[in-house]
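Residues per chain are reported as follows:
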Amino acid sequence: MRHRLLPGRAALMALALAPAALALADEVARFRPLDIIVDVGDRQLAAYQIELVVRSGDATIVGVEGGEPAAFKAAPYYDPAALAGGRIVIAAYSTDDPLPSGRVRVATLHMRELGEAPRYQVKVLAAASGDGQPLSIAVEVQPRTTGGER
Amino acid sequence: MAPSDERELVARANQGDAAAFEELYRRHRDWVVGLAWRFVGNRDDALDVLQETFAALFDRFPGFALTSSLRGYLYPVVKHRCISLLRKRRRVVAIDEARTARGDLAGELAWQPDPPGEFAEIISALPAEQREVVRLRFALDLKLEEIAQALAIPTGTVKSRLHNALKVLLKVV
Amino acid sequence: MTEHSTELDLELLRTGEADPAIARHVAGCAQCRDRLARLERDARALAMPLAAIEVPAECDRAILALARRRAGFVAEQLERRRRPRWLRPLYAAVPLAAAASIIFFVTLQRGAQAPQATAPLAAAATGDINRDGRVDIVDALLLARALKSDQPHDPAWDQNRDGRVDQADVDRIAQAAVSLQRRHP
Chain A
1 MRHRLLPGRA
11 ALMALALAPA
21 ALALADEVAR
31 FRPLDIIVDV
41 GDRQLAAYQI
51 ELVVRSGDAT
61 IVGVEGGEPA
71 AFKAAPYYDP
81 AALAGGRIVI
91 AAYSTDDPLP
101 SGRVRVATLH
111 MRELGEAPRY
121 QVKVLAAASG
131 DGQPLSIAVE
141 VQPRTTGGER
Chain B
151 MAPSDERELV
161 ARANQGDAAA
171 FEELYRRHRD
181 WVVGLAWRFV
191 GNRDDALDVL
201 QETFAALFDR
211 FPGFALTSSL
221 RGYLYPVVKH
231 RCISLLRKRR
241 RVVAIDEART
251 ARGDLAGELA
261 WQPDPPGEFA
271 EIISALPAEQ
281 REVVRLRFAL
291 DLKLEEIAQA
301 LAIPTGTVKS
311 RLHNALKVLL
321 KVV
Chain C
324 MTEHSTELDL
334 ELLRTGEADP
344 AIARHVAGCA
354 QCRDRLARLE
364 RDARALAMPL
374 AAIEVPAECD
384 RAILALARRR
394 AGFVAEQLER
404 RRRPRWLRPL
414 YAAVPLAAAA
424 SIIFFVTLQR
434 GAQAPQATAP
444 LAAAATGDIN
454 RDGRVDIVDA
464 LLLARALKSD
474 QPHDPAWDQN
484 RDGRVDQADV
494 DRIAQAAVSL
504 QRRHP
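Protein chains in written order, with the working numbering: chain A, 1 to 150; chain B, 151 to 323; chain C, 324 to 508.
Hints are computed from structural coordinates only; laboratory data are not their basis.
With a straight-line cut-off of 16 Å between C-alpha atoms, the simulated EDC-like cross-links for lysine to aspartate or glutamate are:
(1) Lys-471(C) with Asp-131(A)
(2) Lys-471(C) with Asp-96(A)
(3) Lys-309(B) with Glu-330(C)
(4) Lys-309(B) with Glu-340(C)
(5) Lys-317(B) with Glu-363(C)
(6) Lys-317(B) with Asp-365(C)
(7) Lys-321(B) with Asp-357(C)
(8) Lys-73(A) with Asp-96(A)
(9) Lys-321(B) with Asp-365(C)
(10) Lys-309(B) with Glu-295(B)
(11) Lys-309(B) with Asp-291(B)
(12) Lys-471(C) with Asp-97(A)
(13) Lys-321(B) with Glu-363(C)
(14) Lys-321(B) with Glu-330(C)
(15) Lys-317(B) with Glu-330(C)
What the simulated footprint calls covered on chain A by chain B, stretch by stretch (three residues with Cβ under 8 Å from a Cβ of chain B suffice, anywhere in the stretch; the number is not a length):
(16) 58–66
(17) 72–84
From chain A, some residues computed to sit far from chain C (all C-beta separations above 10 Å):
(18) Asp-39
(19) Leu-114
(20) Arg-119
(21) Ile-137
(22) Glu-140
Every residue, glycine too, gets a C-beta built ideally from N, C-alpha and C.
All chains, full assembly: derive it from the sequences and hints.
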């Protein structure tokens, strides 16, 4: 069946044909939040700087979100160039009192993944307690099983 | 996707071509200062933000990779500079602290008046994250990919927010 | 496609971002065409062009001068990378020798204390507030704490050289710390 289009509308339709590949790519991709969790034991966390790298698989960083405690609720600092890439350095500090201790979700990274589950590697580049002294912390990446908002 | 000539300019700037740096400034100057004015509401502050934004952009070279359009890249830079400036003057309006980028510590920025008339009230009643998508889409005329980059959220999330906002906007009017 | 298009479909169609199937459906559906026409009207009502702000000529000049300086820096960086590796020590030796002679001269003039006094200043000016040889988030934390405590501000903390030490300087250090262009340990 053929449709008769008004000239203006016909131009609109022609424009609409362009992003077909984009729409197709979007269908097979999935978004997954990765919680970045650090453990500072009984010390207080005032600052952290962590690097995450996609080690294997097809994944790109598409969003950065803050963590759970009030001191780190705002999204961390990051280089916007990291978005749509596979490597990011995130960092945040807080001058709040009190500061969080124990196991803390400091940030969540939003990933766009394709195919098999990618593997991620995290590294602590710096961490400090409230007085600015170096802090030894453990860090882990915890993918959320349920997707976020789409 | 960035227009190919914009990519070309970025590529030339990455090679140290002074004319390309200048052209990037000339092309985006009015947009950046206009956007800054939307956030801060006065010319002097908007001009400060203009200078800081381009200083930050130039610092990205060499090695600057354009993933979407330059406007998509510049939006968060302008916004964060405005927040930093307003924070110093304690004029930031705290509305919504959920899912905001660093610099949005105090929530959504004040935005100079939305379109007058029937839409103003409807837009102000939208949740903050939908409101920002609507402004980027209709007031700044950004594409989905550009909004995703500007807000550092997935394209699917932009679609979802836009879809929900449109349902409200088009039902009421 | 038998179902009518959603508002989002129509909005994406308006800007040329929709799937071709949507375009095909709307072309053959009078109801969706009417809704699209209404959406186009609404979009025009929502459009709010940015105000035209006059930028003073001196502001343009300052930013364009910055642009040229940065372009020069970029070109110089690329030129350094292009030099043969075995020649690099020679190129590096020239400015180093010049710097050494200047430092030697200044030391003679001011006595041995001068370099010790200027070295920490230089370190802080590059964002290394705690002078541990690297710029990281701990430097931002220390500067933020210093600002919060209202202790006297060291002029060397003025990272963006705007004559003030404030949150913008903290942000600059933190932003430098997460830059992907720097080498992280």
